[in-house]
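Colleague: Protein chains in written order, with the working numbering: chain G, 601 to 912; chain U, 521 to 772; chain S, 20 to 413.
Possibly wrong hints are sitting among the right ones.
[Said to hold, decoys possible] Straight line, CA to CA, 30 Å or less: simulated DSSO-like cross-link-like pairs of lysine-lysine: (1) G:Lys-663 with G:Lys-724; (2) S:Lys-158 with G:Lys-712; (3) S:Lys-325 with U:Lys-660; (4) U:Lys-600 with S:Lys-158; (5) S:Lys-325 with G:Lys-663; (6) G:Lys-724 with G:Lys-712.
Calculated directly from the structure, the hints in this document are not laboratory data.
All figures in this text were calculated on a predicted structure; none of them were measured in a lab.
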Amino acid sequence: MIELEHVSRRFGDQLAVDDVSFSVERGTITVIVGTSGSGKSTTLRMINRLIEPSAGTIRIDGKDTASVSGEVLRRGIGYVIQGNGLFPHWTVARNIATVPTLLGWDSSRIAKRVDELLTLFSMKPEEFAQKFPHQLSGGEQQRVGVARALAAEPGLLLMDEPFGALDPIIRAKAQEDLLAVQQRLGITVVLVTHDMEEAIHLGHRIAVMDGGRLLQYAPPAEILARPAHGFVEKLVNGVDRPFRLLSLAPVSSIVEPGTAEGPPIAATATLRDALSELLWHQRDALPVASADGTLVGRVSLAALRAHAGAAA
Amino acid sequence: MSRIIGPLARLATLALLLALILKPDWFVPVLKPFTENGAPVIYNQGSLLSLTLYHLGLVAIASLIGTALALVMGVFVTRKVGAEFLPLSRSLVNIGQTFPPVAVLALAVPVVGFGLKPTLIALVLYGLLPIFENTITGLKEVPANVVEAARGMGLNPTQQLFRVELPLALPVILAGIRLSVVINMGTATIGSTVAAKGLGEVIIAGLLTSNTSFILQGGIIVALLAVLIYDALSILERRVARRTGRLAEVAG
Amino acid sequence: MTEASETAAQPLTARLDRVGIVVAVIAIVGMDWQSFATLKPNRLISGQGLSLAQSLPTLWAAIGIALLSIATIVAVLRTGALLRLAVGIGSLLLLAVLIGIVPATVVPPDNSYARVSPAAGFWLMAFAFAVLTTDAIAKLQLGPLARLPMLAGAAIAVALILGSGHWDGLSILKEYATNAQKFWREGAKHIELALGSLAAAVVIGLPLGIACHRNATLRGITLPVLNVIQTVPSMAMYGLMIVPLGLLAAWSPLAASLGIRGIGTAPALIALFLYSLLPVVANTVAGLGEVRRSVVEAAEGMGMTKFQRLFQVELPLALPVILTGIRIVLVQNIGLVTIAALIGGGGFGTFVFQGIGQAATDLVLLGAVPTIALAFTAAILLDAAIELSERRRL
Numbered sequence: 601m602i603e604l605e606h607v608s609r610r611f612g613d614q615l616a617v618d619d620v621s622f623s624v625e626r627g628t629i630t631v632i633v634g635t636s637g638s639g640k641s642t643t644l645r646m647i648n649r650l651i652e653p654s655a656g657t658i659r660i661d662g663k664d665t666a667s668v669s670g671e672v673l674r675r676g677i678g679y680v681i682q683g684n685g686l687f688p689h690w691t692v693a694r695n696i697a698t699v700p701t702l703l704g705w706d707s708s709r710i711a712k713r714v715d716e717l718l719t720l721f722s723m724k725p726e727e728f729a730q731k732f733p734h735q736l737s738g739g740e741q742q743r744v745g746v747a748r749a750l751a752a753e754p755g756l757l758l759m760d761e762p763f764g765a766l767d768p769i770i771r772a773k774a775q776e777d778l779l780a781v782q783q784r785l786g787i788t789v790v791l792v793t794h795d796m797e798e799a800i801h802l803g804h805r806i807a808v809m810d811g812g813r814l815l816q817y818a819p820p821a822e823i824l825a826r827p828a829h830g831f832v833e834k835l836v837n838g839v840d841r842p843f844r845l846l847s848l849a850p851v852s853s854i855v856e857p858g859t860a861e862g863p864p865i866a867a868t869a870t871l872r873d874a875l876s877e878l879l880w881h882q883r884d885a886l887p888v889a890s891a892d893g894t895l896v897g898r899v900s901l902a903a904l905r906a907h908a909g910a911a912a
Numbered sequence: 521m522s523r524i525i526g527p528l529a530r531l532a533t534l535a536l537l538l539a540l541i542l543k544p545d546w547f548v549p550v551l552k553p554f555t556e557n558g559a560p561v562i563y564n565q566g567s568l569l570s571l572t573l574y575h576l577g578l579v580a581i582a583s584l585i586g587t588a589l590a591l592v593m594g595v596f597v598t599r600k601v602g603a604e605f606l607p608l609s610r611s612l613v614n615i616g617q618t619f620p621p622v623a624v625l626a627l628a629v630p631v632v633g634f635g636l637k638p639t640l641i642a643l644v645l646y647g648l649l650p651i652f653e654n655t656i657t658g659l660k661e662v663p664a665n666v667v668e669a670a671r672g673m674g675l676n677p678t679q680q681l682f683r684v685e686l687p688l689a690l691p692v693i694l695a696g697i698r699l700s701v702v703i704n705m706g707t708a709t710i711g712s713t714v715a716a717k718g719l720g721e722v723i724i725a726g727l728l729t730s731n732t733s734f735i736l737q738g739g740i741i742v743a744l745l746a747v748l749i750y751d752a753l754s755i756l757e758r759r760v761a762r763r764t765g766r767l768a769e770v771a772g
Numbered sequence: 020m021t022e023a024s025e026t027a028a029q030p031l032t033a034r035l036d037r038v039g040i041v042v043a044v045i046a047i048v049g050m051d052w053q054s055f056a057t058l059k060p061n062r063l064i065s066g067q068g069l070s071l072a073q074s075l076p077t078l079w080a081a082i083g084i085a086l087l088s089i090a091t092i093v094a095v096l097r098t099g100a101l102l103r104l105a106v107g108i109g110s111l112l113l114l115a116v117l118i119g120i121v122p123a124t125v126v127p128p129d130n131s132y133a134r135v136s137p138a139a140g141f142w143l144m145a146f147a148f149a150v151l152t153t154d155a156i157a158k159l160q161l162g163p164l165a166r167l168p169m170l171a172g173a174a175i176a177v178a179l180i181l182g183s184g185h186w187d188g189l190s191i192l193k194e195y196a197t198n199a200q201k202f203w204r205e206g207a208k209h210i211e212l213a214l215g216s217l218a219a220a221v222v223i224g225l226p227l228g229i230a231c232h233r234n235a236t237l238r239g240i241t242l243p244v245l246n247v248i249q250t251v252p253s254m255a256m257y258g259l260m261i262v263p264l265g266l267l268a269a270w271s272p273l274a275a276s277l278g279i280r281g282i283g284t285a286p287a288l289i290a291l292f293l294y295s296l297l298p299v300v301a302n303t304v305a306g307l308g309e310v311r312r313s314v315v316e317a318a319e320g321m322g323m324t325k326f327q328r329l330f331q332v333e334l335p336l337a338l339p340v341i342l343t344g345i346r347i348v349l350v351q352n353i354g355l356v357t358i359a360a361l362i363g364g365g366g367f368g369t370f371v372f373q374g375i376g377q378a379a380t381d382l383v384l385l386g387a388v389p390t391i392a393l394a395f396t397a398a399i400l401l402d403a404a405i406e407l408s409e410r411r412r413l
């Protein structure tokens with residue numbers, strides 16, 4: 601659990617972060633979203649003390665981060681930045697081993713950990729361990745960057761625009777990878793982005809910042825349904841709000857008894873997928889199938905409309 | 521603050537230089553302690569002014585010839601006709617620059633004898649290397665899309681060269697000329713060891729007669745001259761660079 | 020169109036190599052219109068030029084002219100780069116062998132005053148085939164590392180020829196024979212001055228460069244000052260060094276007893292050191308500045324200390340640029356040491372200036388040739404080091 605209490609940061613006479621308080625639950629993904637200059641990156645960097653807060657306290661699992669040295673603190677927290685920041689003169693293996701080496705792990709433990717992480721990110725250790733960063737594709741570099749951040753088994757991972765430099769297709773894949781790895785390891789993630797779509801897709805909770813202030817801190821559905829007046833509203837309004845809401849819930853949440861004609865939809869698909877299928881096949885309802893293929897009911901346009909409309 | 525200090529320092533340096541050349545007698549009290557046994561304090565084997573002018577003239581002529589040759593060669597190897605010579609000329613420039621200037625000077629003596637000629641040859645040969653190198657670099661660095669645009673608008677190859685490529689490469693070429701002139705100032709000084717007229721004579725005379733005062737006069741005049749010329753060329757270069765920067769924006 | 024018909028359709032000019040034509044013109048002028056060697060009755064009198072045929076026994080002259088003509092033809096035609104490289108190197112070796120035969124041919128064995136030296140024709144041909152070799156190397160795109168064995172080969176070839184005594188009749192080696200002891204002493208001094216000033220510049224310049232990288236104010240002062248120093252012509256700089264050191268020696272007996280005097284090694288070393296600072300500091304600043312922001316931030320974000328960051332990340336990444344600065348310094352210093360001879364600093368320049376003073380060309384060459392060879396070797400070695408350090412960079 602991370603707690604920020606009345607945290608501020610001043611650069612000269614500029615207040616970059618202004619009295620921000622929020623807490624992050626263990627094992628969740630929190631996304632800080634905002635435009636450039638909103639103070640989102642500064643807030644993130646104060647958590648691992650790359651930037652020292654001017655005022656306020658930050659606690660990780662109840663312990664004030666100011667009570668240990670910045671270097672020791674950072675070695676216990678994973679950190680991923682835009683453009684990955686891999687060390688170009690070191691191999692993939694040595695890059696991943698950076699923090700374990702700093703922590704003085706013995707070499708066999710480090711080697712084992714490197715293999716483990718490469719495998720976790722579906723990169724064959726024998727193929728990739730001895731490569732240099734410039735021999736990797738953009739997507740591979742990004743994965744090595746995350747693997748490096750996770751090397752010393754941190755409970756907390758901080759990510760500053762981690763997918764900003766990737767093209768859309770690799771970006772989507774990297775987002776899925778992150779969700780899978782986070783679920784598997786149960787780590788806490790705080791991620792900074794300027795992309796609301798990314799925030800809604802990844803975050804269990806979203807913190808919207810502007811001008812150094814925290815405007816709203818809530819789960820994505822609530823941000824979409826009841827955006828705080830002003831900036832957040834503008835941020836959310838501009839985009840396809842109903843579609844985004846639909847994409848947050850699975851078909852199983854509005855399945856109704858009965859049958860329908862047409863190709864079945866998986867119960868785990870999102871409501872947005874269901875709407876798309878309904879429109880494509882020109883039907884008012886389609887059957888819903890569970891994972892083993894048995895039909896469990898149907899999903900109707902009316903129910904979808906009710907779901908998306910209820911929010912507005 | 522540096523905006524005031526810069527011009528002031530320049531002015532003071534220039535004033536000191538002119539005083540040293542035109543009114544050397546003013547410095548007798550300062551230089552007196554550096555002479556022994558009643559040796560002359562102020563260089564007396566020729567006028568400092570004429571030596572300075574001669575020195576500058578030599579450097580100017582050599583730099584002009586070197587610049588002309590280097591520009592022609594640089595343009596030639598970057599055209600289609602001369603493309604075959606490009607890798608060779610790059611290597612030769614690299615190798616040529618490892619030759620010490622004094623060696624070039626010394627090797628010219630057996631070929632053409634003592635005096636002005638070997639110095640001029642060494643100055644031209646050694647001085648054209650940085651200009652040649654920078655001309656190639658400058659022309660190769662002109663963005664391909666700008667040349668393409670010029671071609672697309674119907675400029676013929678000559679117009680492309682003179683209206684687009686050379687103007688854009690000018691700051692880099694000027695940097696080469698600045699480097700060349702500074703090197704030539706130094707080599708021309710050494711030229712006095714092979715009997716070329718110039719300010720090196722004053723230093724050599726001082727070394728031969730153990731007259732530190734001569735060494736100081738020659739050394740300070742040459743040093744100030746070189747620094748001022750370097751500075752003036754740097755200012756010119758910055759002006760041109762700023763202008764082509766603006767040109768590049770318009771073109772882009 | 021098939022390749023064969025394309026070749027057949029090519030006009031003659033398309034089958035000729037343009038660089039080769041230039042090489043051939045120089046080589047032919049050297050072979051046919053210039054004397055191959057000069058014969059002087061003694062060391063100082065100007066001599067008489069001998070053509071290739073006049074300076075060699077008939078058989079050797081015939082072999083020489085035939086082989087060099089073939090080499091010229093190979094150069095003119097469009098041929099493979101490897102063949103051109105072999106022909107270029109072969110021709111240079113042939114010239115080296117031929118010139119060694121001249122003294123025994125033209126000087127009676129009992130005449131120890133006569134001097135034989137290579138003349139314009141020899142130098143032109145050597146230049147032509149050196150250009151051919153250089154062009155082949157450039158076309159083969161041999162990197163700096165690949166040039167190392169070639170450097171070693173050239174060094175071995177020269178050592179073998181010198182060791183065999185084949186060149187002993189040439190005037191430059193006669194000059195060497197009378198100056199042998201001094202030659203090695205001045206050579207050692209030359210290297211000592213060049214490397215010593217470089218070492219001092221690295222020890223002071225590297226930390227200064229790191230400090231300048233981190234502190235913009237310091238950088239704003241240091242770099243312009245070093246730039247001005249670099250601009251001062253070397254002879255003026257050496258001259259100006261005499262004054263403070265002379266005063267120091269006059270005032271402090273300790274300094275004098277340490278060998279610090281107005282003229283000699285100390286002012287030369289200090290002048291060279293001052294010249295060396297700019298490339299070392301400027302390239303350290305540039306190298307560190309080129310390290311990507313994200314890489315530095317990642318290092319910091321993972322909990323590296325300032326020292327760990329500097330030594331494990333920033334300096335290794337800046338190394339190629341720093342080495343480039345060191346290359347500039349070393350090549351520049353090897354040349355500048357020559358001039359230090361004017362203020363009694365020693366080195367190969369001693370021979371150059373002595374030779375100029377006595378109008379003895381061979382003595383000038385005895386100083387100039389090893390200086391050029393040293394500078395050339397240093398450049399190739401450091402280019403290879405730079406390439407090695409660059410291999411792992413993005």
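Colleague: Now tell me if each hint is right for this structure.
Modeller: Verification of the hints:
no.	hint	verdict
1	G:Lys-663 with G:Lys-724	violated, 38 Å
2	S:Lys-158 with G:Lys-712	violated, 47 Å
3	S:Lys-325 with U:Lys-660	violated, 40 Å
4	U:Lys-600 with S:Lys-158	holds, 17 Å
5	S:Lys-325 with G:Lys-663	holds, 25 Å
6	G:Lys-724 with G:Lys-712	holds, 13 Å
Violated hints, in rising order: 1, 2, 3; the structure is consistent with all others.
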